[in-house]
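A.B. asks: Residue numbers (numbering that gives the first Met the number 0), protein chains in the order written: chain A, 0 to 273; chain B, 0 to 297; chain C, 0 to 278.
Everything labelled a hint here was simulated from the structure, so no lab data went into it. Cβ atoms here follow ideal geometry from the backbone N, Cα and C, with glycine treated the same way. Do not take every clue at face value.
With a cut-off of at most 30 angstroms between alpha-carbon atoms, the simulated DSSO-like pairs for lysine-lysine come out as follows [to be verified]: (1) B:K177 / A:K169; (2) B:K135 / B:K201; (3) B:K201 / A:K107; (4) A:K265 / A:K216; (5) B:K201 / A:K160; (6) A:K83 / B:K195; (7) B:K177 / A:K87; (8) B:K177 / B:K195; (9) A:K160 / A:K232; (10) B:K190 / A:K164; (11) A:K232 / A:K260; (12) A:K164 / A:K207; (13) B:K7 / A:K169; (14) A:K141 / A:K164; (15) C:K2 / A:K98; (16) A:K207 / A:K52; (17) A:K216 / B:K177; (18) A:K141 / C:K169; (19) A:K169 / B:K196.
Partial pick of chain B residues on the chain C-facing surface, computed with a CB cut under 8 angstroms [unchecked claim]: (20) L112; (21) F140; (22) N252.
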Amino acid sequence: MELIESIEIIEQPKRKVMNVSQDIKPHIEVEHLNLYIQGNHILKDINLSIPDKSITCIIGPSGCGKTTLLRTFNRLHDESVDVKITGKLYVDGEDIYAKDTEVTHIRKKMGLLAQRPCSLPMSIIDNVAYGPRIHGVRGRRKLYALARHQLNAVGLWDEVKDRLKSPASKLSIGQQQRLCLARGLAVEPEIILGDEATSALDPISSKKIEELFLSIKDKYTIVLVTHTLRQAKRIADYVAFMYMGELIEFGTADQLFNHPKHQLTKDYIGGGFS
Amino acid sequence: MLKRRLLKDKIARHYMLAATVLSIFILFLIGGGLLWKSLPIMHEKSLWTLLTTSNWRPFKGDFGFASYIFSTLYVTAIAIVIALPLSLLTSIYIIEYASPRILRAFSAVVDLLSGIPPVIYGVWGTLTIVPFISEKIAPHFVEFSTGYSVLAGGIVLAIMIIPLIISILIEVFSAVPKEMREASLSLGATKWQTVKKVVLRKSIPGIVAATVLAISRAFGETIAVLMVCGNFTDLPKSIFDACYPLPALIANNYGEMMSVPKYESALMFAAFLLFFIIVLFNVISRVVLIQIDKRYQI
Amino acid sequence: MKKLEEKIFKCLMIGSTVLILSVLLYILYVIMKKGLPSLSWEMISQLPSGGFYLGKGGGILNAIAGSLYLIFFSVLISLMISVPVVMYLNFTLRRKSRFAAFARLTFDVLFGIPSIVYGAFGFTVMIFFGLQTSLLGGIIAVSLLIIPVMIRSIDEVAILIPNDLVEATKSLGATNYETIKVIVRQLLPGISTAVLLSIGRGIGDAATVLFTAGYTDSIPTSLGQPTATLPLAIFFQLSSPVEEVQNRAYAAAVVLTVIILILSFSARYFSRRFSKNKI
Numbered sequence: 000m001e002l003i004e005s006i007e008i009i010e011q012p013k014r015k016v017m018n019v020s021q022d023i024k025p026h027i028e029v030e031h032l033n034l035y036i037q038g039n040h041i042l043k044d045i046n047l048s049i050p051d052k053s054i055t056c057i058i059g060p061s062g063c064g065k066t067t068l069l070r071t072f073n074r075l076h077d078e079s080v081d082v083k084i085t086g087k088l089y090v091d092g093e094d095i096y097a098k099d100t101e102v103t104h105i106r107k108k109m110g111l112l113a114q115r116p117c118s119l120p121m122s123i124i125d126n127v128a129y130g131p132r133i134h135g136v137r138g139r140r141k142l143y144a145l146a147r148h149q150l151n152a153v154g155l156w157d158e159v160k161d162r163l164k165s166p167a168s169k170l171s172i173g174q175q176q177r178l179c180l181a182r183g184l185a186v187e188p189e190i191i192l193g194d195e196a197t198s199a200l201d202p203i204s205s206k207k208i209e210e211l212f213l214s215i216k217d218k219y220t221i222v223l224v225t226h227t228l229r230q231a232k233r234i235a236d237y238v239a240f241m242y243m244g245e246l247i248e249f250g251t252a253d254q255l256f257n258h259p260k261h262q263l264t265k266d267y268i269g270g271g272f273s
Numbered sequence: 000m001l002k003r004r005l006l007k008d009k010i011a012r013h014y015m016l017a018a019t020v021l022s023i024f025i026l027f028l029i030g031g032g033l034l035w036k037s038l039p040i041m042h043e044k045s046l047w048t049l050l051t052t053s054n055w056r057p058f059k060g061d062f063g064f065a066s067y068i069f070s071t072l073y074v075t076a077i078a079i080v081i082a083l084p085l086s087l088l089t090s091i092y093i094i095e096y097a098s099p100r101i102l103r104a105f106s107a108v109v110d111l112l113s114g115i116p117p118v119i120y121g122v123w124g125t126l127t128i129v130p131f132i133s134e135k136i137a138p139h140f141v142e143f144s145t146g147y148s149v150l151a152g153g154i155v156l157a158i159m160i161i162p163l164i165i166s167i168l169i170e171v172f173s174a175v176p177k178e179m180r181e182a183s184l185s186l187g188a189t190k191w192q193t194v195k196k197v198v199l200r201k202s203i204p205g206i207v208a209a210t211v212l213a214i215s216r217a218f219g220e221t222i223a224v225l226m227v228c229g230n231f232t233d234l235p236k237s238i239f240d241a242c243y244p245l246p247a248l249i250a251n252n253y254g255e256m257m258s259v260p261k262y263e264s265a266l267m268f269a270a271f272l273l274f275f276i277i278v279l280f281n282v283i284s285r286v287v288l289i290q291i292d293k294r295y296q297i
Numbered sequence: 000m001k002k003l004e005e006k007i008f009k010c011l012m013i014g015s016t017v018l019i020l021s022v023l024l025y026i027l028y029v030i031m032k033k034g035l036p037s038l039s040w041e042m043i044s045q046l047p048s049g050g051f052y053l054g055k056g057g058g059i060l061n062a063i064a065g066s067l068y069l070i071f072f073s074v075l076i077s078l079m080i081s082v083p084v085v086m087y088l089n090f091t092l093r094r095k096s097r098f099a100a101f102a103r104l105t106f107d108v109l110f111g112i113p114s115i116v117y118g119a120f121g122f123t124v125m126i127f128f129g130l131q132t133s134l135l136g137g138i139i140a141v142s143l144l145i146i147p148v149m150i151r152s153i154d155e156v157a158i159l160i161p162n163d164l165v166e167a168t169k170s171l172g173a174t175n176y177e178t179i180k181v182i183v184r185q186l187l188p189g190i191s192t193a194v195l196l197s198i199g200r201g202i203g204d205a206a207t208v209l210f211t212a213g214y215t216d217s218i219p220t221s222l223g224q225p226t227a228t229l230p231l232a233i234f235f236q237l238s239s240p241v242e243e244v245q246n247r248a249y250a251a252a253v254v255l256t257v258i259i260l261i262l263s264f265s266a267r268y269f270s271r272r273f274s275k276n277k278i
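Only chain A is shown next, with the shape it has when bound in the complex (with noise of 0.2 angstroms):
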């Protein structure tokens, strides 16, 4: 009987979703995504949607390929030799994988935040206006208000309104890592993906990295891989549990962890392996 409930929810996540709540729209929808790197299988017939306006976390031990899957949803393996991919990945039903599609306006829909804040090689104000200035946006006051605007959305406009045109690299890591939410938002993204994104932060930061994921939670869908199970457990509405390449099991936060329906399930969130 478990065996073939388990079968069901690997194969149909889609419908498992569903009978969740009628109401959630897939935002992002992965339709048997295989990834190859130098031939060796990555990423195992990967089927999952992710819910609009909310927040979705991917758990699973080291390696599992959670980063992995993580980067195909901006294409950033395209960067990568010896990498092959196959499947499709809608986003707002557009299969970003097709042939001949143009890669930066669907880029331009995410924002990305590194586990290692990486501030680029600017002033504090340039690294917030640099992704409007990319998209055409002109206008110091226009780019100014802009970037007013987001960094007191993640925060740090108190802490640095004073010196807007120093260095980036002159910040602390917390505040780094806000200043590249910042710069993220400040394209207008609808999908906001985190790799790790608290991993290098004390824990005092990484309080004000969650927070603020919460406070905007409404506005984007919001997609995080974590590494501990505690930061999923506090801010994720949805999970999806990750393992060895494959995707085990995928639910609400409170079905996930407090009626898992697969055994490997059972196994990671009491603790058996990470």
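Start from chain A and add chains B and C according to the hints.
C.D. replies: Here is chains B and C on its own, set in the frame of chain A:
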């Protein structure tokens, strides 16, 4: 037993320290030695006369270095103007756009090019560049040119310093963190925009350092330029005229040095000039780099 | 508009790469074309007969042997100075010592000094000691030239040695000297690469030997005699009115180029082996 070991250690320490002090001292020895040798001519003529007049009549005792200094600067400038854009373009392509295999193959080629001795470039320059200028390029611009010219010197020098600049730039561009590029791409920038606004910006100190090294190299290069520049003292009026850079001056006239009074001193002064300019240039650029680092923390 | 700019630059970039590659190959081609026909066993095993500038017969053995002698002694002297210096800076002094920083700055400056300055200075030294243009004079100048090259090259690999290794040997009660002996063994591949690079730099340089080593038709039998060298063999004989003499110059060019190519490949081979065997 321990005593002997400690004795060996002591001797080794003293030897190493001596070698180090000696090596450092070489720099000051060279500067001091050349300066000392230049004193006779510096006493006879003022520094101003030496540097700004272009009368060069050793047998009459006239030593004006201006046209040699000018030639050196002219040839170096042409070399940089040719070499820098080409090196930048190629390095960017190799690192950002080409496959890793091409990178490896190209690095091997660059290594090879940097090892080729200047005299070989000189031979090649005489065989190919000089006639090419004389027959194919100059006729469009001037009435006559032997081909032995500022342009020939500039081209040969450029080919010599390109491998140097490229090898440094390749290292510099590779040092830009992958995450930085990804951050830019994730915002929706194209590869070219990322290169222009992020990679190049981050690499500015490295590019400056490479340029400084290249200029130093070009400035002091003797034999390759000597073979193609014409060795003619008059100030070159166009790039198709012959010129006479400082190193060539020293190299060509060492034989006659001893026969004319003050000639040796004059040539040593030329050598000291070269030494001084290059050391000064190196020190200044180092200071500039430290300042850039401090202010912009790129 | 953006796309157009990217396309233009991409064209320029590929063009530039192709241009540079072609120029290298063209240089090798021209040198080989001119020199290979004249290259023969006689050419490399005989001395020039009848005077190097005008004499028609013979070969370039004087230059080959002279260069080899010259570089051999120069490298020897340079090793005796460079290795202790690098060991001192990296493993005897504290890593962050101010003196070490100053020393490195000096060596960087020395590295950038053109070879003609070394030649002129070498000449001054020779006069000071009353030497004639000779093998010894050349050795002095070339050693001075390659010491900074060797120091820089060995320093680059010495810096990579992790502190733990040094501390491990020291905590076994070894003296500084004994520690260094162990490290030197570790660094041998790096030192070999440095030697190869220095040979490449020193053997092909004309400006250092121009006033210091003289030139002659014969092979030197003592340090006090003048000696021919490959770069000067090319330089002096190229402008001769006699065709056979010119051919000797081209042959010397081929020999020099081949030596450099072999050295470059060996240096790359060694440095790759070194990084494979790193602890």
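A.B. asks: Give a verdict on every hint.
C.D. replies: For each hint, the structure was consulted:
| no. | hint | result |
| --- | --- | --- |
| 1 | B:K177 / A:K169 | holds (20 angstroms) |
| 2 | B:K135 / B:K201 | violated (41 angstroms) |
| 3 | B:K201 / A:K107 | holds (23 angstroms) |
| 4 | A:K265 / A:K216 | holds (28 angstroms) |
| 5 | B:K201 / A:K160 | holds (24 angstroms) |
| 6 | A:K83 / B:K195 | holds (28 angstroms) |
| 7 | B:K177 / A:K87 | holds (26 angstroms) |
| 8 | B:K177 / B:K195 | holds (15 angstroms) |
| 9 | A:K160 / A:K232 | violated (34 angstroms) |
| 10 | B:K190 / A:K164 | holds (26 angstroms) |
| 11 | A:K232 / A:K260 | holds (17 angstroms) |
| 12 | A:K164 / A:K207 | holds (24 angstroms) |
| 13 | B:K7 / A:K169 | violated (49 angstroms) |
| 14 | A:K141 / A:K164 | holds (16 angstroms) |
| 15 | C:K2 / A:K98 | holds (19 angstroms) |
| 16 | A:K207 / A:K52 | holds (20 angstroms) |
| 17 | A:K216 / B:K177 | holds (29 angstroms) |
| 18 | A:K141 / C:K169 | violated (63 angstroms) |
| 19 | A:K169 / B:K196 | holds (19 angstroms) |
| 20 | L112 | holds (5 angstroms) |
| 21 | F140 | violated (22 angstroms) |
| 22 | N252 | violated (10 angstroms) |
The earlier numbered hints that this structure contradicts are 2, 9, 13, 18, 21, 22.
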